[in-house]
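> Here are the chains, one letter per residue:
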Amino acid sequence: MAEPHEFFSPNQADVAAKVIDRELIAIRLLDGTYYSLEPVGTRVWQLIEAGQNVGSIVQTVAAEFGASVEQVAADLRNLVDELLSEGLIVRRDDPGRTAEAPLAASGERYLAPRLNIYRDMGNLLALDPPTPGIDDLLYRDRKRE
Amino acid sequence: MTLAFAQAEAQCGDALNEATYGFAGRPVTLGVVGRILGHRTHSAFTHLRATPTLPDCPSLTIELWDAGETGVGCPFDEESGDFERRWLAAGGILSSSADGRYVGFRYQASLTVLDRETQRILGCRRSGSPLSTGEYSKPLVHLLSVWYHDRNVQLLHAGLVARDGAGVLIPGESGTGKSTTCVAAAAQGLEFLADDFAGLEHSNGSGFQGHSVFGTACLRRPDLDRFPDIRGRAVDDGIPEEDKPILFLPELYPGRVRASVRMRALVLLRVGAERTEIRRASRPDALRRFAASTLHTVVPRPGRTALERLTALVEQVPAWWLSLGPELLDLAPAIARILESSSAPDEA
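These protein sequences, in sequence, are chains A and B.
Letter 9 of the first sequence, counting from 1, is numbered 8 in numbering that gives the first Met the number 0, and no numbers are missing.
Letter 215 of the second sequence, counting from 1, is numbered 214 in numbering that gives the first Met the number 0, and no numbers are missing.
What the hints contain is simulated information worked out from the structure, not anything from laboratory work.
All the given hints hold, so there is nothing to weed out.
Simulated restraints, written as ranges between beta carbons of each label pair:
1. A:R118 x B:E339: 36 to 42 Å
2. B:T1 x A:L137: 20 to 26 Å
3. A:E5 x B:E116: 45 to 51 Å
4. B:D98 x A:A62: 47 to 53 Å
5. B:C56 x A:L137: 22 to 28 Å
6. B:E339 x A:D93: 52 to 58 Å
7. B:P325 x A:R108: 37 to 43 Å
8. A:E5 x B:S202: 41 to 47 Å
9. B:G164 x A:D80: 46 to 52 Å
10. B:E172 x A:R90: 30 to 36 Å
11. A:L110 x B:R274: 33 to 39 Å
12. A:Q70 x B:Q187: 51 to 57 Å
The calculated lysine to aspartate or glutamate pairs, modelled on DMTMM-like cross-linking and capped at a C-alpha distance of 25 Å, are:
13. A:K17 x A:E48
14. A:K17 x A:E85
15. A:K17 x A:E37
16. A:K17 x B:E314
17. A:K17 x A:E5
18. A:K17 x A:D119
19. A:K17 x B:E172
20. A:K17 x B:D149
21. A:K17 x A:D30
22. A:K17 x A:D80
23. A:K17 x B:E200
24. A:K17 x A:E99
25. A:K17 x B:E307
26. A:K17 x A:E107
27. A:K17 x A:D134
28. A:K17 x A:E81
29. A:K17 x B:D284
30. A:K17 x A:D135
Bear in mind the structure is a predicted one, so any value in this text is a computation, not a measurement.
Just so it is clear, CB atoms sit at the ideal spot from N, CA and C, and this is done for glycine as well.
From just these sequences and the hints, can you work out the full model?
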């Protein structure tokens with residue numbers, strides 16, 4: 000269970016993620032399982048990326064969405080546990096380099112963050128061996144540089 | 000390998016079939032020694048025949064030969080130490096040298112190697128066995144995917160059709176109606192670029208371009224039966240378990256198969272609707288659908304930069320849901336409506 004002093008970061012090695020229109024789309028590159036988060040969850044993701052610890056994220060989200068700290072803390076614990084179990088984030092020992100989080104959207108109502116999981120492509124690909132990624136075939140062509 | 004190709008050419012020079020094409024606008028020379036192999040390999044690219052505007056110096060040289068017809072065997076063994084890394088992929092074996100310079104792909108009786116330094120693909124094929132649907136309709140797709148990637152052109156698992164050079168990109172896994180939609184669009188007067196693999200390129204100042212990679216489409220037999228005018232001209236590869244006849248669109252619809260277009264709209268298909276309808280799709284919907292179906296069905300699997308490119312695409316190009324009703328004739332008008340309702344990115 001995530002404690003207030005803990006830091007996390009996106010699992011850069013295995014996950015690609017982008018935010019578009021306040022919705023996070025993330026893909027676990029190895030197996031094609033993909034995920035989405037709605038605005039509150041996306042905000043949590045942005046604050047994780049920015050290097051805030053769990054306690055700080057709870058305070059920020061509660062203030063931005065006008066929700067109680069207790070409610071946000073409980074919801075965040077569940078979300079962080081799920082993000083961890085899906086391998087989308089990893090624990091960090093220290094805050095690392097903190098970054099400015101993007102500005103919050105205003106006027107959004109608080110809804111408990113929920114991780115939407117789409118395993119259809121992952122299930123399809125489970126029939127095949129993991130395919131190599133283009134990043135496995137990196138080549139620096141000095142002639143073209 | 001280069002020497003082996005020269006030997007094959009010396010053995011059967013009259014069986015050399017050579018032409019220059021434009022792959023995403025880059026000149027590519029394809030030479031094949033072997034009559035059947037030559038005919039079949041060139042057939043997928045005829046719509047990309049080079050125009051006089053292309054530079055003379057090829058960006059890629061492809062040299063293939065038929066080992067049975069020429070008597071020149073393959074001098075290369077990807078089991079050797081030169082190719083240290085190997086993966087089972089797409090029913091074959093993808094291999095790579097430790098530094099990534101050489102990428103090889105073995106599929107049944109074919110072996111091809113891309114040299115990313117000299118920009119050359121060399122390959123040989125034992126004769127006698129039929130080409131698979133994939134080898135015939137989409138030759139060299141995995142090595143070309145790497146070559147395109149090296150030029151910032153992302154190969155996507157998507158169909159691509161157009162009208163007057165304005166392109167509509169259609170993602171989707173197998174069985175989602177992608178090929179049927181693209182063939183129906185061409186049959187009804189729209190332009191065809193791809194039913195399965197399209198190249199996506201972002202150029203500063205001119206937005207996203209879509210490129211045709213192959214001029215073919217593969218339809219399952221029940222889907223092909225919906226096109227009574229052309230089903231008799233589909234080529235059966237003779238491999239019963241594949242059972243996906245190939246259509247060569249430039250032969251069926253001369254002048255309707257284009258090499259490149261500007262991307263104007265994205266279309267997300269929904270099958271099984273009572274009637275054909277369109278409605279706007281949100282950008283997250285578009286990114287979800289594109290990312291899921293295009294990033295994991297291409298070998299080698301695209302990396303995180305591909306997701307960044309797709310995000311930029313859905314930010315710039317409007318997306319639509321197209322619910323597919325039972326009547327094929329409704330498709331082209333629906334795509335035309337989508338195009339009319341989608342302003343060009345620089346007009347938005």
